[in-house]
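Visitor: Generate coordinates for the entire structure from the input sequences, incorporating the hints supplied.
So the sequence lines, in the order shown, correspond to chains A and B. Heads up: the first sequence is residues 1 to 437, going by the working numbering. Heads up: the second sequence is residues 1001 to 1457, going by the working numbering.
Take these hints with a grain of salt, some might be off.
[As the list claims (entries may be wrong)] Result set (PhoX-like, lysine-lysine): computed pairs, CA atoms no more than 20 Å apart in a straight line: (1) A:K67 - A:K116; (2) B:K1306 - A:K72; (3) A:K243 - A:K116; (4) A:K72 - A:K116; (5) B:K1306 - A:K67.
To be clear, the hints were calculated from the coordinates, so they are not data collected in a lab.
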Amino acid sequence: MKQLQIPLESAKLENGLGVVVSPDRTAPVVTVGVYYNIGFRLEPRGRSGFAHLFEHMMFQGSEHAGKMMHIKLINSSGGVLNGSTHYDVTNYYEAVPSNALERVLWLEADRMRALKVDDENLRNQRDVVKEEVRVNVLNQPYGGFPWLDLPPIAFRNWPNAHNFYGDFADLDAATLDDVQQFFRTYYAPSNAVLLIIGDVQPEEGFALARRHFGDIHPGPPRPAANVVEGPFEGVRSGEVEEKFGTLPGFAVGYRAPDRRTPDWYSLAMLDQALHGGRAGRVHRRLVLEQQIALDTAGGIHYPVGDLFDYNGPTLIVSRVLHKPEYTSEQALAAYDAVIETVRQQGIDRDELEQVKVKFRSDYVSSLEGGHGGVPRYGLMHYLACFALFDGDPALVNSILGNFLDVSADDVRAAAQKYLDPARRAIVLRLPSKKGAA
Amino acid sequence: MATPVAVDPLAPVPPLGPERPVVWPARLRRKLANGMEVVLVESHGIPKLTGELYFRSGNASAAATAPSLAALTATLVRTGTATRTNRQIEEDLRRIGADLGTSAGADTSAIGFNGLVEFAPQLLELVADLARNASFPAEEFDRERRHLLESVRIERTTPSFLASERMRRVLFGAHPYATIAPTEAQVEAYRLEQLVGYYRAYYRPLNALLIAVGDFSPPAMFEQIERVFGSWTAGDVASSPNPPLPELHGRHVHLVHLPEAVQAQVVLGNHAITRRNPGWLPLALTNSLFGGAFNSRLVMNIREQKGYTYSPHSGVQAFRQHGTFSVQAAVRNEVVAATLTEIFYELDRIRALPVGDDELADARNYLTGVFSLGLATQDGLASQLSTVYLHELPEDYLETYRQRIRSLTAQDVLAAARAHFDSANAQIVVVGDRSRIAEQAALFGDVTEYDAQGSKL
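Guide: The following block contains the structure:
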């Protein structure tokens, strides 16, 4: 297989802003992203959910573009826009016809320069965010399972272990001062990268970036943060009540190695063998063959992220919903047997070859992949993570080879080292009422 | 990098630059001798192909036998063929880096696929094997039926599902479009022979449309497709007439009681039109500025000004025979009446007053711009092509869409709103805990209450 050759050029402005341009002129559209190197892991203590609430505030008005102007200017230019908060990054992105590129950059620069919001904006978005939490978590079967359930069980250090969507009391406690303080601390050009992808020439992209972002004050260096997490000692377990759904479930998390270490590449192949769709071992064994489970899923940094978009302690997670006639102990024992088999025997060469082809195929799809109608969202996302976490956006082209070099012995070693039944986190999600109403 | 160029802090919003032309790629559109229709488009962004093999029959065609039968048939299609077990199918897919999904909606059944183009022949052979030789193993049927039973149980605890299910019943009455999922008893009553019967009747080349987009040469891909599907024998496909829709007189509230719900799902709906109707584009534009875009009136009102909800939206849905217009929002329990009041205010406003020039221009730009985003990816192209060919729209639909949207006037919007945003006869569905929301809902019409299983309370 020849190496990927996605064209890209990158540079840093004098104020520290990273700029990556990836030209592709097949369609007259361009995707723009601004990624800040801050996510919900590092929101202030006593302010759970704040990083996400803050993301909403970034649409509420900036120095020269008041409330609703961001949304109105992008939509009326024929484009879509959104933002999202992750563990270690927060992004703001637009996809527009390429004749609106400069307008998009002007807007993004305006809100990097100064946020201009008031108490009414904050009250309004606090209400909106609470409805978001209700619709996605509190009023939804299996809401937050396991992305909100596992961290407080698995981790001990507050940045890794708190409620990322936010306790309502903490959301209520957030003030406008908190908003401006967070902005000053983390939303500096030196802590961000700008991505321009699609119908643009690199020199044009860099010139526009300089014109609109070049004079923004570099801002303070990003404060040091302690996200260190000690190794798991023993099994950490807990239970969460399922208010609506009728099936019991469990999720298991094992500590994953640091990104871009040899073990990480090996574990990624093991992950594909275990969780890669219906051919994956967990699904095949528990759902198709033994028929204990009804649904399984999992992955490294699953389910609110993937292999590439985190920069701190995380888990490789399996999530299982099973038939109510099996106890949690029985279902977990069946799952453990799958894990034990791969620890003992590893995977054979044919399976590894299948897994690698699928991994390669998924990787190129995720680069092109849309997300809410945004072309090449995946390419933008990976370029940003490689730029902010690794200082090397070109990894997007070269990293695939490291996965394809993993051997069957490496996979077995990773299974033995990481999928340790004596060191893991388990959460049971148990329905409060049995069967159908 | 060079010294930064100073920017005037009072600089106005940069104007839009000159537009680059939007050029839709050529389609290779041809029929096989057995009647199967093929549409191919090249797109070389990634070394993959993506496609759908559609059959122009879905749950509506199966309604006389059993509700949602096409959906379970589709599920079973991927679980075995004359020469492959379930496990072999899944491993064969993984070996070539492919994803495959089978599904059925009201009007279609589909086998969707994507994979590395270097393995295109194997992928096409596998798709053809499922379409032609599915074996419906009894043990797979038993397992999938149990899965369906458990998933309909969970669906009936999901507010958005309950709201859609009730609204479809209200709008479609005795028509097959009224049903989006079976009851538990209906799932238990399915028999394997019904699935096999459906498959034999409707998975036929005369009923088939294959759309593929990817990093290939269309003529060469067509030859491959002909090799794989050419020997499939035609066979007739029957269709049966459907009953008329219920007439909607006045507003009525349908409350689905979900105990302990901490939020209310509010939906308004009425009948609209199909995509083949000449009024479709005016309706699409009107919907977009009403509640179809982030920048729309509905979102600005009940989200950005009032903070009642996270993701309110309105939508127009086109089936083959009919269409609907709906407005939805998940809101906190205390503001159900306030939300409905605002929605009716916005409906009545857009029906009463012509939109201003700026708002109209913004909405036209939004639709034409977002339409062209579909050009940039294989998935985007495949989705646009599916719309054109499944709904049998004119061959130049993609090329003329932007111009036709740009020619719409404020009078067109007013006429579309008056014709299709039927405020006076809007049907209201609210899903939530009745002790918190019933009194508020009753302000808007007579209330009928249901439990999550659909029984009247």
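Visitor: With reference to the structure, classify each hint as holding or not holding.
Guide: Hint-by-hint comparison with the structure:
About 9 Å separates the Cα atoms of A:K67 and A:K116, which keeps this hinted pair within 20 Å; it holds. The suggested pairing of B:K1306 with A:K72 holds, with an alpha-carbon distance near 18 Å, which does not exceed 20 Å. Only pairs whose Cα atoms come within 20 Å are accepted, and A:K243 paired with A:K116 is rejected, the gap being roughly 40 Å. The straight-line distance between the Cα atoms of A:K72 and A:K116 is roughly 17 Å, inside the 20 Å bound, and the hint therefore holds.
A hinted pair counts as satisfied when its Cα atoms are at most 20 Å apart, and B:K1306 with A:K67 qualifies at roughly 14 Å.
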